[in-house]
Amino acid sequence: MTLLLFDLVLIATLLTLAVAALNSAEPRRAVMLFIAFGLWLALIWARLRAPDVALAEAAIGAGLGGALMLAAARRAARRREDDEAQR
Amino acid sequence: MNGRLRLLIALLAAVLGAALLWVFLPLLATRPESALAKAALAARPLTGVGNPVTAVLLDYRAYDTLLELAVLLAALLGIWSLGPPTPAYQRAGAALRAMIAWVVPLLVLAGGYLLWAGGQVPGGAFQGGALLGAAGVVLRLGGDPHAGLPAEPWQRLLASLGVGAFVIVGLVLLGLGRDFLDYPSAWAKWLILVIESAATLAIGATLAAAYVGGRPPGGTR
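Chains as they are written, first to last, in the working numbering: chain L, 1 to 87; chain S, 1 to 221.
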């Protein structure tokens, strides 16, 4: 019963993080929510007794994917600033 | 119009979700994979590795892993074709530098451990390579413009090492009269270790180079 409650909390939080990441207009904010989503998903993989997938999700999905997307958001913001300065 | 479009998209997504559930639920009820799982576990001693996930990734379905490494390589080539990298971050302060001096060796050590442990317990080339890549990301955040990577020719060699080791092992086995990537079970453990080591280095270098985000300066045009 406690475990079922725990699982329900895990799933509800994951869905909330996913919707929040999709709905945020600002790229930086969306990426940060996506990183939180990835770490939460790693918890769920661990709960499903798939430690290999949990490790890969935490290291690649949340960690490096997040870092790459943050760098891309930084680059996009800089390009937007350049465009506005030219106008 | 916009509201109607949103409604249509939501409706289509709901229909797709229902269809996926409809396909997935009978599969969940019948569990047809148990026979296959038993056969795979029974044949595991032939692969020389104790971790069933590594056995699947590097032996039973080595083709998939080879193609995953090729996808990573293609992604790096795409990133390099976008032009020069973004300017480096400013040099880190003393506190961050001291932390980096501790964290980077630890990340490299943990990456090597995950690679070696992947044969018996959860771990493996992708996880170890991700830690090596993370070491590069930390170095670049601390102000190193190259993320700790060597000059461009070496980067090219490192990035293609994973696919290269896989293909060379496969071709040598073909030359010996076996199938492509069909390891003889006496050597299987060592061949898998060689391929995984090369793949770890390649994944780490590729991810760090992807984070730099452009073709390294100084290359020929």
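Please note: incorrect hints may appear among the correct ones.
Listed next, with one range per pair, are the computed distances between beta-carbon atoms [said to hold, decoys possible]:
no.: 1; chain 1: S; residue 1: A39; chain 2: L; residue 2: L48; range: 20 to 30 Å
no.: 2; chain 1: L; residue 1: N23; chain 2: S; residue 2: V103; range: 46 to 56 Å
no.: 3; chain 1: L; residue 1: T13; chain 2: S; residue 2: D179; range: 38 to 48 Å
no.: 4; chain 1: S; residue 1: G83; chain 2: L; residue 2: T16; range: 57 to 67 Å
Far from chain L, by Cβ distances over 10 Å, these chain S residues were calculated [what the hints assert, rightly or not]:
no.: 5; residue: A39
no.: 6; residue: V53
no.: 7; residue: D64
no.: 8; residue: L114
no.: 9; residue: L131
no.: 10; residue: V137
no.: 11; residue: D144
no.: 12; residue: L173
no.: 13; residue: L207
no.: 14; residue: R215
Derived from the structure by calculation, the hints contain no laboratory data. Built from N, CA and C at the ideal position, the CB exists for glycine as well.
For each hint, the structure was consulted:
{"no.": "1", "hint": "S:A39 <-> L:L48: 20 to 30 Å", "result": "holds, 23 Å"}
{"no.": "2", "hint": "L:N23 <-> S:V103: 46 to 56 Å", "result": "violated, 34 Å"}
{"no.": "3", "hint": "L:T13 <-> S:D179: 38 to 48 Å", "result": "holds, 46 Å"}
{"no.": "4", "hint": "S:G83 <-> L:T16: 57 to 67 Å", "result": "violated, 38 Å"}
{"no.": "5", "hint": "A39", "result": "holds, 20 Å"}
{"no.": "6", "hint": "V53", "result": "violated, 4 Å"}
{"no.": "7", "hint": "D64", "result": "holds, 14 Å"}
{"no.": "8", "hint": "L114", "result": "violated, 8 Å"}
{"no.": "9", "hint": "L131", "result": "violated, 6 Å"}
{"no.": "10", "hint": "V137", "result": "violated, 5 Å"}
{"no.": "11", "hint": "D144", "result": "holds, 15 Å"}
{"no.": "12", "hint": "L173", "result": "holds, 26 Å"}
{"no.": "13", "hint": "L207", "result": "violated, 5 Å"}
{"no.": "14", "hint": "R215", "result": "holds, 15 Å"}
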